[in-house]
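Residue numbers (my numbering), protein chains in the order written: chain A, 1 to 308; chain B, 309 to 624.
Watch out, some of these pointers could steer you wrong.
Said to hold, decoys possible - Stretches of chain B that chain A covers, calculated by requiring three or more beta carbons in the stretch to come under 8 Å of a beta carbon on chain A: (1) 351–359; (2) 382–390; (3) 398–405; (4) 408–419.
Hints listed in this document are in silico derivations from the structure and should not be mistaken for laboratory results. Being a predicted model, the structure only gives us computed values, none of them experimental. The beta carbon of each residue, even a glycine, is placed where N, CA and C say it ideally should be.
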Amino acid sequence: MGRYLLRRLLQLVPVFIGTTFLIYWLVWSVPGDPFAGKCGERRCPEQYVAFMTEKYQLDQPVLVQYAHYMQNLFQGDFGETFSGRSVNDIIVAAYPNTLKLALVALAIEALIGITAGVLTGLRRNGFLDNLVLVSTLFLIALPVFVIGFVLQWLLGVQWGIVRPTVSSEMRLTELLVPGFVLGSASMAYVARLARTSIAENRRADYVRTAIAKGLPMRRVVGVHLLRNSLIPVVTLLGTDLGALMGGAIVTEGIFAVNGIGREVYRAIVTKESATVVSIVVVLVLVYLVMNLLVDLLYAALDPRIRYE
Amino acid sequence: MEFRTRDGVAKVINGVTYHVDAGETLAVLGESGSGKSVTAQTVMGILDTPPGFVTGGQVRFHGKDMLTMSDEERRRIRGEGIAMIFQDALSALNPVFTVGFQIAEQFRVRRGMGRAEAKKRAIEMLDQVKIPNAKSRFSQYPHQFSGGMRQRAMIAMSLALDPEVLIADEPTTALDVTVQAQIMDLLAELQRERQMGLILITHDLGVVADVADRIAVMYAGRIVEEADVYELYAKPAHPYTIGLLESIPRLDEKGQELRTIKGLPPNLMNIPPGCPFNPRCPMAQPVCREKIPPLLQVAPGRASACHFAEELVSRD
Numbered sequence: 001m002g003r004y005l006l007r008r009l010l011q012l013v014p015v016f017i018g019t020t021f022l023i024y025w026l027v028w029s030v031p032g033d034p035f036a037g038k039c040g041e042r043r044c045p046e047q048y049v050a051f052m053t054e055k056y057q058l059d060q061p062v063l064v065q066y067a068h069y070m071q072n073l074f075q076g077d078f079g080e081t082f083s084g085r086s087v088n089d090i091i092v093a094a095y096p097n098t099l100k101l102a103l104v105a106l107a108i109e110a111l112i113g114i115t116a117g118v119l120t121g122l123r124r125n126g127f128l129d130n131l132v133l134v135s136t137l138f139l140i141a142l143p144v145f146v147i148g149f150v151l152q153w154l155l156g157v158q159w160g161i162v163r164p165t166v167s168s169e170m171r172l173t174e175l176l177v178p179g180f181v182l183g184s185a186s187m188a189y190v191a192r193l194a195r196t197s198i199a200e201n202r203r204a205d206y207v208r209t210a211i212a213k214g215l216p217m218r219r220v221v222g223v224h225l226l227r228n229s230l231i232p233v234v235t236l237l238g239t240d241l242g243a244l245m246g247g248a249i250v251t252e253g254i255f256a257v258n259g260i261g262r263e264v265y266r267a268i269v270t271k272e273s274a275t276v277v278s279i280v281v282v283l284v285l286v287y288l289v290m291n292l293l294v295d296l297l298y299a300a301l302d303p304r305i306r307y308e
Numbered sequence: 309m310e311f312r313t314r315d316g317v318a319k320v321i322n323g324v325t326y327h328v329d330a331g332e333t334l335a336v337l338g339e340s341g342s343g344k345s346v347t348a349q350t351v352m353g354i355l356d357t358p359p360g361f362v363t364g365g366q367v368r369f370h371g372k373d374m375l376t377m378s379d380e381e382r383r384r385i386r387g388e389g390i391a392m393i394f395q396d397a398l399s400a401l402n403p404v405f406t407v408g409f410q411i412a413e414q415f416r417v418r419r420g421m422g423r424a425e426a427k428k429r430a431i432e433m434l435d436q437v438k439i440p441n442a443k444s445r446f447s448q449y450p451h452q453f454s455g456g457m458r459q460r461a462m463i464a465m466s467l468a469l470d471p472e473v474l475i476a477d478e479p480t481t482a483l484d485v486t487v488q489a490q491i492m493d494l495l496a497e498l499q500r501e502r503q504m505g506l507i508l509i510t511h512d513l514g515v516v517a518d519v520a521d522r523i524a525v526m527y528a529g530r531i532v533e534e535a536d537v538y539e540l541y542a543k544p545a546h547p548y549t550i551g552l553l554e555s556i557p558r559l560d561e562k563g564q565e566l567r568t569i570k571g572l573p574p575n576l577m578n579i580p581p582g583c584p585f586n587p588r589c590p591m592a593q594p595v596c597r598e599k600i601p602p603l604l605q606v607a608p609g610r611a612s613a614c615h616f617a618e619e620l621v622s623r624d
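Let's have the full structure, built from the sequences with the hints guiding it.
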């Protein structure tokens, strides 16, 4: 187990370097002038451009710039924007908001998705099953911004049940609707996966044994069936956290959440490579760590899986 | 009881009647697809519905019909009144829980015991089925057990609540021959100790001869013969039973071709008119294609569903 963990952690190194370089190179090769519009209507003075180019090593080859960036990164310094603001500050300010939103989305997605999946998996082809199938199809087919704007307008503006936008305090109650919107598509997939998994395992021999033991149906389903059926669902949920954070940009825009989506968008437009790369680097880390956690969780959920 | 499939309705069990008393072993013998397992599943109430539907009949336990009971009443009988062990213990045990958990679970849920006491009782059960190192085995998972040990664990689990009747559905089919004998000995011993009724479902005539008191032979969803084990082996009263017994390999007929029953069991969606065995029966007469022979008593304690049962019994 220890050796497995070590190997997995070592595997993270090349993946981390590869992905971060790719991002760095992409941002570097996007055409555009970082100093366009920095000096009002006029072109920036030669001295300013020369000073900034020197300071941020913009005349260096991309590999050198990348190496320099990584060197700072490993010292915990994400660099600074061209206006001199520390990228660390941006990350500290924006990431917790996105993480909070993504976690709320994940919780809603798991709760509703699994409940719907279990209920429909046990009673296939009933009314509820059809209802869930149709509504999951809706969630999958509709783009997030449509669901977002419709719910915001309906619940926030028309009926006035919730605040249309999220305040800077990021209260949990305010995050319920944005969380639902963000997690909606994944929720549909979770529901369908859970349904299939439950329906498949429903006929398993060990479920029959559990019934033959005279256990109450609650326990047969809640303990024996659920534990086996949820293994693939947990995998989906675990790897989804990174996707939710990265995909939050639209939801954050609709509900005015001050998260990484907005920051990354602004940084791409103004060609703030350090900000873009740093935000994505942290996102990559979230993906990698969640992936590892899911694999470890796998072994905890299914004792037949052993790592060495 | 019948299976409703896309291709039609399969009448899987047709007027099967058998009973078992305390301390008695009844063997239900039959080929694959003869309905022996499905009968047991109907008794336990673990039939997959759909496609399986019980269309009539009674399952009486202490005289009370289980099919008309409430679900809750029926659940209480499972495990405590009637318990069951399955053919493939690997798939019948839950792969993600320890063997100990799955046994202790019954003490906790059905007897309301605490964690520690349930564990103690579960280890006792593992001891009773002669699993060595029961204490450390308690916290192992089914896949860490060997086939024979797994079936022992399955037996321990089924006997945990001290059932009055145990249904064993091909308990040794998935095991090595040497292990088969050990498991059968264990079952026979536990049955004697506890004086429980044992319904042994099998297609293995060798297993039956050793442990059964009575035998019910099933064919195409019906019982075709029921008799005391010695009488059945000595003087079968149904041509199907005769065919079965003749197909046992014998040491004194070395080198000769094995005898078989010609043909295949009928498609249950399309059972031939008259006696279901008539297309394969060497004694078939015109009457066999017209009338279904009822299961009638031919001698005290034995019954046969053959138009010529009396002839067979009186024949030397």
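Which of the numbered hints are not met once you compare them with the structure shown?
Going through the list in order, the structure violates no hint and respects every one.
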